[in-house]
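Following the hints, position chain W against chain Z.
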Amino acid sequence: MFKSMFKGGVNAPHFKRTQDCETVRMKVPEKVVIPMLQHIGAPCEPSVQKGDEVKVGQILGNTEKFVSAPVHSSVSGTVTDVSPRLYAGGVYITSVEIKTDGKQEVDKSIEPPKYSTSEEFIGAIRKSGLVGLGGAGFPAHIKLSPPQGKKIDTLIINAAECEPFITSDYREIIENSWNVLNGINIVMEALKINNVIIGIEDNKPQAIKEMTNVASKSDKVNVVKLKSRYPQGAEKMLIYATTGRKVPSGKLPSDVGVIVMNVNSISFISEYIKTGMPLIKKRVTVDGTAVNNPSNLEVLIGTSLSDVFEFNGGFKVPPVKVLMGGPMMGIAQFSLETSVLKHTNALLAFEEKEAVLPKSSACIRCGRCVKACPMNLLPLYLNTNALKENIEELKKYHVNDCIECGSCSYACPAKIHLVQSIRLGKTQVRQATSKGGK
Amino acid sequence: MENRLVVSSSPHIRGKANTQRIMLDVIIALLPATVAGIYFFGLKAILVVFVTVLACLASEYLTRRVLKKESTISDLSAVVTGLLLALNLPPTIPLWMAAVGGVFAIVIVKQLFGGLGQNFMNPALVARVFLLNAFVTQMTTFVSPGPDVISSATPLFQMKEFVKGNEANLAGYWDLFVGNISGCIGETSAIAILIGAAYLLFRRVIGWEIPIVYIGSVALVTWILGGQTLLSGDWIYHILSGGLMLGAFFMATDYTTSPVTFKGRIIMGIGCGVLTAVIRLYTGYPEGVSYAILLMNICVPLIDRYTVPKSFGGEKAVA
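First to last, the sequence lines map onto chains Z and W. Using our numbering, the letters of the first sequence map in sequence onto residues 9 to 446. Using our numbering, the letters of the second sequence map in sequence onto residues 6 to 324.
In short, the hints are calculated from the structure, not lab data. There may be inaccurate statements among the hints.
Said to hold, decoys possible - Taking lysine-lysine pairs in the BS3-like style, the calculated list, with each CA pair at most 27 angstroms apart, reads:
(1) W:K73 with Z:K423
(2) W:K73 with Z:K367
(3) Z:K11 with Z:K122
(4) W:K74 with Z:K367
(5) W:K315 with Z:K254
(6) W:K21 with Z:K235
(7) Z:K11 with Z:K233
(8) W:K315 with Z:K158
(9) Z:K404 with W:K268
(10) Z:K404 with Z:K379
(11) Z:K235 with W:K315
(12) Z:K15 with W:K268
(13) W:K49 with Z:K423
(14) W:K268 with Z:K403
(15) W:K169 with Z:K396
(16) Z:K39 with Z:K24
(17) Z:K200 with Z:K116
(18) Z:K259 with W:K21
(19) Z:K11 with W:K268
So that you can see chain W by itself, here it is in the shape it has in the complex:
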């Protein structure tokens, strides 16, 4: 052979997008919400974030090692999971519980199913629900923002009481918007989440389909059915409180557990929205974002299968 040439299939150039950069973008987008959480809930919040991220990274590294697979911590997906989990935990949670959540998310939900891209449910959300069921008290004790630790019911809990006709202390829109309310570390400040979401949309890391349809559906259903009479629900209150903003922009849009087709993403948004509203309005739980997204996660393979688009100039696929 004269000189040896590399022979490969076209295309011979590739775009700049890479997995690590996408994950970094998500981390950057989560920073405003993280900072808001630390501002409102103090040092304790930093510790929770630190512990979950560390637990996720360590579990990712160790599981891959035990399974004798290539290390994947450099793709930063474990950091995203850790950060998302922390933002979904109450600031007062004992740190060891937060660590258990991180390990559960990575080892059980992600790596045992094959690692990045293979898990069928969002690891951070499953971990949160796992903790919620394992440690009910610690996971449902919320405090008001500020230096004094005063336990306080969340705005959605207040709303539930209000609709029942009981005495309730509803939060103002402004407090809901900036995040001056009780709740999980990263879910309270709508404005901080929206700043991050705008960055993700701008960077085209996520599409508008799922979050906008999700939030829109919640608004619609809570407006129609969420009040003491029909069409009197306080939908603004609903979309600004609880984990909806965080869930819609950062969890329901999780690539691995959301559909890849346009139609599928619309269905995902509607499904999440309706389920969230139904859980909030008609079950014993004040909040339904986690369960709604997880239920829709399970449907994703089915949704993708039934929304295979017509090819350009072609016929519709039969599923």
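Here chain Z stands alone, though its shape is the one from the complex:
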């Protein structure tokens, strides 16, 4: 049942000033640093060494582990280093540094994948290295494999793009809507799904118009207008808003018969099936108060943040805070030397004013965090219990159901860093569980 809306959330500002910025392809940088971990799950083992010549699309690393996705070279050139490098999350991850030759020669092995069964299709998707391009980076082949005995009846295309600033999904619809539909048809056919819903927030009327127009060619594909409210694009909220189904705590969308894919992911599948070229580039929204020239760039994976900002026209003022992702859930960067990843959808640079942390004051128990929480949690109690390391209470207040969307912190009039404490609380519970063995 269509609801168009979930419970809770906040009216975050939109700041979609790059929505009319047509995607510009960025030039090949002099070097790229490609991390072996660009997804949720196990990191890949590098399969190249220093001195190796690599071509575009060649595999750089893979692993036998199920929850993972292979990593490919986005350039042609020479491997100059394989070592741990600073990663977007602030940790060091084994990465392959490649000095580019600028020729962008394509690897010989690249050819359109052949498949006849859904298993073969899913195998091909794994080979493509596709991960959820909405920002979470969950390996796509896992999403597409329904658990035993579960029937998937609905494919939901996530084009809500509720994060402020980002227009990467929006531009995909405006520029490549036929690709989106084509990707949908491929997945529908391969997985025998007969119902597709494309969810778009109502602050993007152009995208709704374009997609509705294209989708009218298929009677199985419906575009639905969703209320613009953060976090409409969060998987569980989107499923509820479009189908009325609730994903049970700790379960996946496939448990309620649904697959959710980002609009860029589905479009990529269309390209991949046509050409066989794995995931090596990404559209990135470059914006924020510190940048000169807000834009959308097509960036090769592994390009350093500083190269992206430089190509984009540099900074107005030296940035004080740089985010990978949107302002609600993005990750603040330690350095501009980190690389653009498969699931990077935005790079935002802010000046002093936006970067300064608000000062927290006492909780007045106003309940705004409770109202804002789309997961129906009580953030104020999660906060106090995390600060007291009260594991039992954290579990009682369902700490692990938190999706870290940031709505509570956003709504808090006392500017308490609720999500930060809740993350801490999750870690405490995880550590206690692994120690206690329960």
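This is chain W only, laid out in the frame that chain Z set:
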């Protein structure tokens, strides 16, 4: 290090709501009732308001200083407490008593328990009850509105006599509605309180749950049990008189001392309503709003604990 970047946990933007603005909204919402009080009871009312607010602000500043904690007077919560206390006092109260009330509210009830957000009972209400017990005569002497100071029993006292079958001088609905009756400074004019309440609801500072359920419960119980026979109670008279309107919209909704869950707020409303009606109908007191809210205040941690909602797609919590 090249350039130093600020690294912090998401979210990186925050909404506009802040504590000071919320308190300012409550002050704005209390202005109609304050003006009505001054209109009906004159200059004396202004002085009481002035003294309690000043006493609260001074106590807040000094206690924080003595406790070597950051000053919090700029959050305006002390002004709210002072104003609420004044509106809950009879206009004839000696000013020094009003000042004592203000100091008690801030120092004993609020700051000694940790300050804003930590007190387990509403400071203004505890101060009122403290004054009521310490200075019974001064706290229960009410005057009719107007320039001549004529002492007069409150409408609820009259109602009590009426139900007993004694001679009583019941106020008319219209006088109750506009506030042309005897009572505390800010509680008499239902219309003035409702204007302020509408503003708070519009600004989403308070939710409808507690006040509507509270007033509804009082109406229901007083209708059933409040008359000489069953189902003959004058519930309109009951909801328009005494401190109910002020209490329901401005005291029972106090963030710190009310539940944060939806279910909890409904329970709070019912609890306050039933207790208020029971005190009004079956005890020696004509009015029960203060005690009802305070009794429910104490239950708030328990209510919150037993009303932890099911998470989205999750199981119900076991308390």
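Hints and how they fare:
no.: 1; hint: W:K73 with Z:K423; in the structure: holds, 23 angstroms
no.: 2; hint: W:K73 with Z:K367; in the structure: holds, 19 angstroms
no.: 3; hint: Z:K11 with Z:K122; in the structure: violated, 39 angstroms
no.: 4; hint: W:K74 with Z:K367; in the structure: holds, 15 angstroms
no.: 5; hint: W:K315 with Z:K254; in the structure: holds, 12 angstroms
no.: 6; hint: W:K21 with Z:K235; in the structure: holds, 21 angstroms
no.: 7; hint: Z:K11 with Z:K233; in the structure: holds, 10 angstroms
no.: 8; hint: W:K315 with Z:K158; in the structure: holds, 25 angstroms
no.: 9; hint: Z:K404 with W:K268; in the structure: holds, 17 angstroms
no.: 10; hint: Z:K404 with Z:K379; in the structure: holds, 19 angstroms
no.: 11; hint: Z:K235 with W:K315; in the structure: holds, 24 angstroms
no.: 12; hint: Z:K15 with W:K268; in the structure: holds, 16 angstroms
no.: 13; hint: W:K49 with Z:K423; in the structure: violated, 40 angstroms
no.: 14; hint: W:K268 with Z:K403; in the structure: holds, 21 angstroms
no.: 15; hint: W:K169 with Z:K396; in the structure: violated, 55 angstroms
no.: 16; hint: Z:K39 with Z:K24; in the structure: violated, 31 angstroms
no.: 17; hint: Z:K200 with Z:K116; in the structure: violated, 32 angstroms
no.: 18; hint: Z:K259 with W:K21; in the structure: violated, 35 angstroms
no.: 19; hint: Z:K11 with W:K268; in the structure: holds, 23 angstroms
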